[in-house]
Every structure is written in structure tokens, then in C-alpha cells.
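Could you put the whole structure together from the sequences, leaning on the hints where they help?
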Amino acid sequence: MNVKISFRDVVKTYPLKDDTFTALDHVSLDIADREFVTVVGPSGCGKSTLMSMAAGLVEPTSGEVLVDGSPVDGPGPDRGVIFQQYALFPWLTVRKNVEFGLKLMDLPAEERRRRAQRAIELVGLADFADALPKMLSGGMKQRCAIARAYAVDPQVLLMDEPFGALDALTRVQLQDQLLDTWSKDQRTVMFITHDVDEAVYLASRVIVMAARPGRLHKVVDVDLPYPRTEEMRLSPEFGRIRNEVWHAVYHQAPAVPAA
Amino acid sequence: MTQLTALGKSPAQPARRAPSRSRRAVALNLVAVVIGLVVWTALATVGVQGLPGPLEVAAKAGELIADGTLLTDALASLRRVLVGFLLGTLLAVPVGFLMGWYATARGLLEPYVQFFRTIPPLAIIPLAIVLMGIGEVPKVFVIFLAAFLSSVVSTFQGVVDVDRTLINAARVLGASDRTIFLKVVVPASTPFILVGMRVGLGSAWGTLVAAELIAAQEGLGFRMQQAQLYYDLSTIFVGLIAIGVLGLLMDRLLLLAERRLTNWQERR
Ligand SMILES: Nc1ncnc2c1ncn2[C@@H]1O[C@H](COP(=O)(O)OP(=O)(O)OP(=O)(O)O)[C@@H](O)[C@H]1O
Ligand SMILES: [Mg+2]
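Protein chains in written order, with UniProt numbering: chain A, 1 to 259; chain B, 1 to 268.
Derived from the structure by calculation, the hints contain no laboratory data.
Misleading hints may appear alongside valid ones.
Below are the BS3-like pairs computed for lysine-lysine, each with C-alpha atoms no more than 25 Å apart in a straight line [to be verified]: (1) A:96 with A:134; (2) A:134 with B:183; (3) A:134 with A:184; (4) A:96 with B:183.
Cβ pair distances, simulated, as ranges [stated by the list, open to error]: (5) B:48 with A:135: 51 to 57 Å; (6) B:165 with A:167: 18 to 24 Å; (7) A:167 with B:86: 45 to 51 Å.
Quick caveat, the model's predicted, so the values are computed rather than measured.
Backbone N, C-alpha and C fix where the C-beta goes; we use that ideal spot for every residue, glycine too.
What follows is the structure, given as C-alpha cells:
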């Protein structure tokens, strides 16, 4: 099992008025190549911070983050990021948004168009390819953001509560779609969510974090086979795992005060 | 049944409502203008000291148009405003970008911008005359300054306010700083720049009359100044109305450009 992303003894502190705030406290975690992990934990426990480090948007205060064995040095198109707030360029159409990353890759125009079209079709936005983001619903915006990330064909997908703002139905559809493409392309996915059900349904491992200071709390293996189906959500095994994760998230012992 | 009719009707409704609402607004605008004219006429007939009525002013306007003075004056004023305004915004945009993008540039420039912003451009006039004489230069300069100061601040604000997630979204797709600047920061701050330009145009136009007090030979402000010497209120009114109409026209033009360039914005 090849390690794709490796957090090694990562600490992140932010300076406060008189002392420092510890956002992440000695986090070590390996994510295997082609693994699908989800990260859950109370608000403020450092989930986004952890992911931003893998993305290269935030640097650790100490420790290191490795991707493919070498330290992360800034963001790169090998790691696609999907932000909670969609982050579409509002002045560009869906197609232009999806082509944004492709344009930076020096592809021939024809190849660029082909790949953008494929990504747009994959997320079911073909009819809206020339629409501006303001004309899209929340779910469509998120699908556009996903298409934009897919188009550059990253090996790693980093997703920060991507379905958080969506209604239950759209959310389930996008979950299944995500699993579907993941099982085809076998990317490595790190997926943050606050929805325990979603965390268990998607992942082969659920990383539970704790707050104050932000740290790893528990890792729960999800021994359910892929492809995941809607019936599985109702199975006793799913229920058991969900309870375990639920308990780990919502009944955390208070942190030992740091010395 | 009821549901079906309701559903069938709904898509057509907004399309139908929009023009009728704007027609209503235009009608109200016209009513307001008519009421204004009536009040004006009433005040003039009641005999408010020397106040000319609308007809008198219209006659004067006809006169000034016929002998070409109004056109010459308007063109002279427009030229000053446009030159000052264009130079001002042309400089304001790069300076605003520099200030928003580089902390060093901001640190160096901000004190000056903030300081000069608190000085009304009119207060610069005496200095401008002493330093630049009484030709076109000081007039254009004062208008330039007014336009520059008001658009530089909003350009700067626009750049500072660019959503961090958009910049991050570009970075994770592999964009260099240059690409981020050109493809994200510039388009994202366009709405601010255009608002700044409108404000700048407003203050440029507002500075005009005072600038034309500096020994001008022509111009709407100059004409009004002359008229004041002869108690020629009608000419003053013609000048005022011309300034208002031209200012409004230019503002609408910019507004149109703004709508065009920023129609991607979500409007509530
Ligand atoms: N730039 C910053 N300066 C200071 N503190 C910060 C900064 N960024 C994050 N933090 C703090 O670090 C902690 C972790 O933030 P982070 O966004 O990673 O949490 P999260 O687990 O993603 O929370 P949520 O579930 O609410 O999104 C928070 O307490 C936050 O206040
Ligand atoms: Mg977060």
C-alpha cells in the first residue's frame, strides 16, 4: 500500500495577543494511494487547516506534509481542491470555469475543449455549459466546481465540506456520483464533512478529530465493500459504524490541558 | 386544476411585470418633472426676486444655442472634464492595483492618498494657479485630481476585497501570481473600479465650475460666472441645466458600461 499523503507530526499554531493558539497539535496521518478518507470533527478542530496543508495553501508551523514522499511546496494541479463556498469565478461561464485550469496546462485548444466537455458532461451540466454561475442552483454550482477540479485530472481530490450547503436529495446524488467516478479513476480523496452519515457512506476510513487543541481523536475503519449502495445505509453494519463515529465525534472527553 | 393554471402563468409573469414596472417608474419620473416645472413657474409668477420662469430660460437657451455660445461652452467644459477624468482614472487604476496588491506600495502611497482625499480639490485651485498659470493646465489638473482621488480609493478597495477563496481556487489550479492578477484580481475588482469611475466622474464634473473660475475664456462655468456679473439669471439657469443634463448623460453611459461589464454579478 503506497502512501500518497503523509502528515508527519504536524503542528499549526496561530499567534494570539499574548500567547499562541494551537490549531493542530502533533497530527500524524497517512493516506494511502487511491484511498477515500473522510474527516469529521467538531467545528474549529482544524479539519480545513489540515486539508489546506495538503493543498499547499497553508504551511505547518512544525512537522511536515508529504505528497508522494516529497514535502508539499505550494499548491499544484496534481491536487484538486473543492471548496465549501464553490469558489467559481462568477464572471466566467461554466465552460470557461472548467477550462480555467486546463488553460494553464498549455494543452492544444482542441484537447482542452474535449476535456472540459467531458468533465461538464460527467457532472451533468452539459445544458448549462454557457451559463454564468449566477444562473445556477447551489447544487449545480458545486457540480461545476467538481467538474473544474476533475478537468485537470488531479491524482488527489481535497474536498472541504463540498456538499454541506445542499439539500438532502442533491447531496445523495452527488455522493453516489462522486463514488462512481472515484471507483473508475481511483483518485486519492480526502473529504471533510460534518455529516456522520456521509462520512461513513463514502469512506474506507473515517478520521475523527477533536478540538482544543485540534488533534486526531480516532480512526474508524469502514469495512463495507464498494460499490456502496443505498441499501447499505440501512444495514446493521452501517448503523454500528455510524454509531461508533457518532460517539467519537459527539462524546469526546475534554482535552487534557496542555502543559 | 387551479395549480396547473398557476404553474402555466408563472413563467410569463416576471417577464411581463418588469417592463410595466419600469414604464410606471418612467411615468412617475415624468410626473415629477412636470410638477417641478409647475412649481418653478408658480414661484416665478409669484415674483420671487428676479427668478426667470421656464419659458424665459428656454428662450435664453434657444438664443445661446442659435449663436453657438452654448455649444462652444459645453464642448470646452466637456473637453476639460473628459481629459481630466480620463487622465485621473487612467492613473487611478494602476495605482489602486499597486496599493491593493503590494503592501509596500500601500504603505508608501496610502498616507498621500488619504491626506489629499480630505482636501477638497477646489482648495487646490490657488496653488494650481500659482504653480501652473492660468491656462488650461490648472483647470484640467484640478479635475484630474478630483477624479483620481475618488477612483483610486475604490480601485484599491476592490483589489483588497477580492475573495480569498477565488485566489486560492486559481492557485490550486496552478495559476502563477501574474495569472491570478490578470485573470482573477482584475475581473473581480472591475465592479469597484467602475463604481469608482462614476464617483470620479461626479466629482470631476462637480469641480468644473470652480475650475473655470480660473480666468477661462469659455465654458459653462465661465458663462455662468459672466452672467452673474450682469444679473443674467436666465443664462445661469441654462448653464446649470446644461451641466446637469451632461452630467446625467455621462453617468448613464458609465452605468450602461457597468451593467455590460459586470452583468455576471449576482444582484439581489
Ligand atoms: N488565519 C488564522 N488565524 C488565526 N486562527 C485561525 C486562522 N485560521 C484558522 N484559525 C483557527 O484554527 C482553528 C481551526 O480552523 P479550521 O478552519 O481548520 O477548523 P475546521 O475544523 O475546518 O472548522 P469548521 O468545521 O467550522 O469548518 C479554528 O479555531 C480557527 O479559529
Ligand atoms: Mg472548515
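Hints and how they fare:
1. Between the alpha carbons of residue 96 of chain A and residue 134 of chain A the distance comes to roughly 14 Å, so the proposed pair stays at or under 25 Å and holds.
2. As the CA atoms of residue 134 of chain A and residue 183 of chain B are separated by approximately 19 Å, the hinted pair is consistent with the 25 Å bound.
3. With a CA separation close to 31 Å, the supplied pair residue 134 of chain A and residue 184 of chain A exceeds the 25 Å bound.
4. A distance of roughly 12 Å separates the Cα atoms of residue 96 of chain A and residue 183 of chain B; the hinted pair therefore holds under the 25 Å criterion.
5. Roughly 55 Å separates the CB atoms of residue 48 of chain B and residue 135 of chain A, a value that falls within the hinted 51 to 57 Å.
6. A hinted range of 18 to 24 Å for the beta carbons of residue 165 of chain B and residue 167 of chain A is consistent with their spacing of about 22 Å.
7. The hinted window of 45 to 51 Å between residue 167 of chain A and residue 86 of chain B holds, with their beta carbons roughly 50 Å apart.
In this structure, only the earlier hint numbered 3 is contradicted, and the remaining ones agree with it.
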